[in-house]
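Protein chains in written order, with our numbering: chain F, 37 to 155; chain C, 99 to 210.
Bear in mind the hints are in silico, worked out from the structure with no lab data behind them.
Certain hints may be false.
Unchecked claim - Okay, the calculated beta carbon distance ranges per label pair: (1) Ala119(F) x Ala100(C): 36 to 46 Å; (2) Leu110(F) x Val186(C): 19 to 29 Å; (3) Arg206(C) x Ala46(F): 20 to 30 Å; (4) Pro106(C) x Lys91(F): 37 to 47 Å; (5) Thr105(F) x Val110(C): 28 to 38 Å.
C-beta atoms are modelled at their ideal positions from N, C-alpha and C, and glycine is treated no differently.
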Amino acid sequence: SQKIEQNSEALNIQEGKTATLTCNYTNYSPAYLQWYRQDPGRGPVFLLLIRENEKEKRKERLKVTFDTTLKQSLFHITASQPADSATYLCALDMPPRADRGSTLGRLYFGRGTQLTVWP
Amino acid sequence: NAGVTQTPKFQVLKTGQSMTLQCAQDMNHEYMSWYRQDPGMGLRLIHYSVGAGITDQGEVPNGYNVSRSTTEDFPLRLLSAAPSQTSVYFCASSYQGGIEQYFGPGTRLTVT
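So that you can see chain F by itself, here it is in the shape it has in the complex:
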């Protein structure tokens, strides 16, 4: 079955440094991979999506890479700020069902990495 691992449950870094979060997956080659942010008591919020034919995607201080050979995505936050403190979730599309022929937007989520940025 599909397995997603995010590098650690918690990551603590100093303000201004670059945070790097890792998402590894096995047993499947997803067509795309997404990253979400979740604050305590709230629903996840979409950040970035990267497709299998893309190596890198950027959005402001965020950068995502996707290595389909290593089956790994890296999520970087540059010039981190205390406001970046949250849990970050990796998600990838589920394998197509044999009787459906497409993924239809169904997502597997990792357990998340809790990032704390201290002043």
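Based on the hints, put chain C in the right spot on chain F.
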């Protein structure tokens, strides 16, 4: 736009009771999904829908029913609540498959 709304925010049930978790979106999204989030488990897909009248099972569908009579609404029914269904439930929607999903604020359910 209100986005994705969920009611109630909190609910306590006794084992064996039934209830419906409500989810609505005003973005005219075709795709809607229900997830549950448990400590250490991440989000798991319960049921999803690709349009009005079309629903299908996700990873953990047992004990839950869904229907989609309109584009806007996607209620989740617990038929006979069990303590194992204690969780936080999130509803999500997207314009189509393969793009970002918009999540509601969640319903925290406790079954005693």
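We went through each hint and held it up to the structure:
no., hint, in the structure
1, Ala119(F) x Ala100(C): 36 to 46 Å, "25 Å, violated"
2, Leu110(F) x Val186(C): 19 to 29 Å, "28 Å, holds"
3, Arg206(C) x Ala46(F): 20 to 30 Å, "23 Å, holds"
4, Pro106(C) x Lys91(F): 37 to 47 Å, "44 Å, holds"
5, Thr105(F) x Val110(C): 28 to 38 Å, "49 Å, violated"
The earlier numbered hints that this structure contradicts are 1, 5.
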